[in-house]
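A.B. asks: Chain residues, written in single-letter form:
Number of protein chains: 2
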Amino acid sequence: MRVLILGGDGYLGWPTAMHFSQLGHDVLVVDNLAKRQWEAEVDSAPLQPLPTLRHRVRVWREATGKEIRVAIGDIAENARFVYETFAEFQPDAVVHYAEQPSAPYSMAGRDFATYTQRNNVIGTLNVIHAMMRHVPDAHLVKLGTMGEYGTPNIDIEEGWLEVEHKGRKDRLPFPKTPGSFYHLSKVHDSHNIQFACRIWGLRATDLNQGVVYGITTDETELHPELHTSFHYDAVFGTVLNRYCAQAVVGEPLTVYGAGGQKRSFLNIRDTLQCVRLAVENPADAGEFRVFNQFTEVFTVLELAERVAEAGRHLDIGVEVSHIDNPRIEAEEHYYNPRNDALLGLGLQPRLLSDELVEDMLHRIQRHADAIDRATLLPTVRWRERDESLSR
Amino acid sequence: MRVLILGGDGYLGWPTAMHFSQLGHDVLVVDNLAKRQWEAEVDSAPLQPLPTLRHRVRVWREATGKEIRVAIGDIAENARFVYETFAEFQPDAVVHYAEQPSAPYSMAGRDFATYTQRNNVIGTLNVIHAMMRHVPDAHLVKLGTMGEYGTPNIDIEEGWLEVEHKGRKDRLPFPKTPGSFYHLSKVHDSHNIQFACRIWGLRATDLNQGVVYGITTDETELHPELHTSFHYDAVFGTVLNRYCAQAVVGEPLTVYGAGGQKRSFLNIRDTLQCVRLAVENPADAGEFRVFNQFTEVFTVLELAERVAEAGRHLDIGVEVSHIDNPRIEAEEHYYNPRNDALLGLGLQPRLLSDELVEDMLHRIQRHADAIDRATLLPTVRWRERDESLSR
Chain A
1 MRVLILGGDG YLGWPTAMHF SQLGHDVLVV DNLAKRQWEA EVDSAPLQPL PTLRHRVRVW
61 REATGKEIRV AIGDIAENAR FVYETFAEFQ PDAVVHYAEQ PSAPYSMAGR DFATYTQRNN
121 VIGTLNVIHA MMRHVPDAHL VKLGTMGEYG TPNIDIEEGW LEVEHKGRKD RLPFPKTPGS
181 FYHLSKVHDS HNIQFACRIW GLRATDLNQG VVYGITTDET ELHPELHTSF HYDAVFGTVL
241 NRYCAQAVVG EPLTVYGAGG QKRSFLNIRD TLQCVRLAVE NPADAGEFRV FNQFTEVFTV
301 LELAERVAEA GRHLDIGVEV SHIDNPRIEA EEHYYNPRND ALLGLGLQPR LLSDELVEDM
361 LHRIQRHADA IDRATLLPTV RWRERDESLS R
Chain B
1 MRVLILGGDG YLGWPTAMHF SQLGHDVLVV DNLAKRQWEA EVDSAPLQPL PTLRHRVRVW
61 REATGKEIRV AIGDIAENAR FVYETFAEFQ PDAVVHYAEQ PSAPYSMAGR DFATYTQRNN
121 VIGTLNVIHA MMRHVPDAHL VKLGTMGEYG TPNIDIEEGW LEVEHKGRKD RLPFPKTPGS
181 FYHLSKVHDS HNIQFACRIW GLRATDLNQG VVYGITTDET ELHPELHTSF HYDAVFGTVL
241 NRYCAQAVVG EPLTVYGAGG QKRSFLNIRD TLQCVRLAVE NPADAGEFRV FNQFTEVFTV
301 LELAERVAEA GRHLDIGVEV SHIDNPRIEA EEHYYNPRND ALLGLGLQPR LLSDELVEDM
361 LHRIQRHADA IDRATLLPTV RWRERDESLS R
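Note that the protein sequences, when read in sequence, are chains A and B. When the letters of the first sequence are read in order and numbered with this note's numbering, they come out as residues 1 to 391. When the letters of the second sequence are read in order and numbered with this note's numbering, they come out as residues 1 to 391.
Read the hints as simulated data drawn from the structure, not as lab findings.
If chains are identical, the list can't say which one is meant, so a pair holds when it fits in one copy or spans any two.
Within a straight-line C-alpha distance of at most 25 Å, the following computed SDA-like cross-link-like pairs (lysine to any residue) qualify:
1. K262 - L352
2. K166 - F298
3. K169 - I154
4. K262 - P349
5. K169 - N336
6. K166 - H333
7. K262 - E358
8. K262 - D324
9. K169 - E157
10. K166 - E296
11. K262 - V212
12. K169 - T299
13. K66 - L226
14. K262 - N336
15. K169 - I328
16. K169 - V297
17. K262 - I199
18. K166 - E331
19. K262 - E164
20. K166 - I154
21. K166 - G260
Excised from the complex, chain A in its bound form (with noise of 0.2 Å):
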């Protein structure tokens, strides 16, 4: 099969690249680049230097005898570039990452919220013409957020809503209430894809997945350079990732407000394992689906306990720290989101266990020298523009 992968440098990205590789597909990575810009913009770095994507490439090939292709271009910016790429490539699945990923990012002011919306929405629908004009039986798997729903007080489905109103009946789109301008983002893009379904017969899979927390999976763990871009700073890492720095270096774990703000979780791992049964097995024409990509519900202050009970049994001292909520969120409300499809597809969850937060912790442990303290705290506030980063 051949299998597009956009924003193949990234976080998600570049692990999912690998493992469909190491499956036996043929693999393309197309992106851009930009998050390398993003994080120094931000003053946020991974935690282990990120070797270049061709270097990867080269490195994988050496450990596996594998090729995966590489195609740098803008995918927002450069439609030729995207018509051309799937016009030559002829993918079979497109799992499409390449979005800007932080809530944070997209809150710190005008630039940082336009930036956002087109670099996401454009890219989008450059990548929907495309298939429709070069790959109309292709499968599109989008990577979308479990954030887009906010924190309805009814139970979040997956992606649908059969609604009862005045005593008639219709299936229509969840209502979203999402809480960033990055979140709206993928709201938009859901919108536009089940369009381009309804309207083109394109087919389509709309992964909108929780918190990813994790470093390894089996593909980096095959060479030292392999390793993917982990971010544990408060604009690109995500909250179980920089809990676990955190408890590292000694420094609180911040919880924002209260701590009752519950989420969906996953690890590193499922989402490979996700993305995989969604490309094994692809939407019809026409159906625009979605899946809600997580296994686990907790609330960021138990996420913060239970790094705490970890870090006591490695004899690290953590202290759990409440701090004024930079995000505008309720922090107590009813949290009962379904994710029946994946698992009727076979996935396996991996549960969040002490073991792996133990894991984290040695793992963070090698690098610790290189974590920057001052990226722990939060800046951009929802209220108002971040001074320090506002152009």
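Position chain B against the provided structure of chain A, taking the given hints into account.
C.D. replies: Quick look at chain B alone, frame taken from chain A:
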């Protein structure tokens, strides 16, 4: 009151600007004049040649002694212009029409789709950021469209839906299934603005407007050069306006498909009335309010029959013809939208009368020689790119 009209050179923006000026408000019009370029691009021209915006403002001053100020600039491309305009004018109300308004234009190919969404979504993001920065207490009156809702099998409420699901309840954004990349851009705007109200306490009214018809308002009648930009072609002409032009030149009225498509309609004079009611009764701080702005529902076939009937009174032979539907849309469907909010504020609907259709036919007859028959038939088809336009 200081009223800022974004998109004040257009079909609705210009009459709105005159209307608020006539009511004694201090009016500043912003426009990038891009509509004049889009028209040329798709081979469309207004029924009557349109004087420049500054010329019309001079005529307005001479006719009424009242001043409308003008600032030429692009709200999507020039954020500094937006911020400076808001900082200097300090509007109490911002009436936002400054968007690409044509569904067929947005469906003519990738370049048109991405342009429409970039222009509309980024322009609105710039506006809400500038409001947050410089006039956080001003009232945003944003023109949306009834087309955001699509044609669900349940009653269409005003922007929000009381959802009951598995024994739990919430008030959530009404689920939307829009029918073009243009309509999608307005859905994206609605989500973005709702979020800005939620986190920044902005006050906004989203006017989900039906299809507008009509040529004249009280103010356009004050001088021959104060007319508005009336389109009759298949890209920028709304359906009743187009039917009237077809009738006048003896072409068949082209009903798309079976013609059972029900849509919401209103007279251009009622647009002014509704916008005035919204401005005079602002939303609360933090409130995202949605009004469905229309007065009547017709099928597109019923409208054709109304024009044919009026033609008979005037001894114009009018033929109604069904053509292949260039759009992808249900041609028989349930449709029951609510419009209680504006009626509650005192809207006095001017319902479609035979006299009004006859008056439109009479007025169009005066300019019949200018009508370009080649532009009356649709060239843009939803299912495929338009090779004559696509870049």
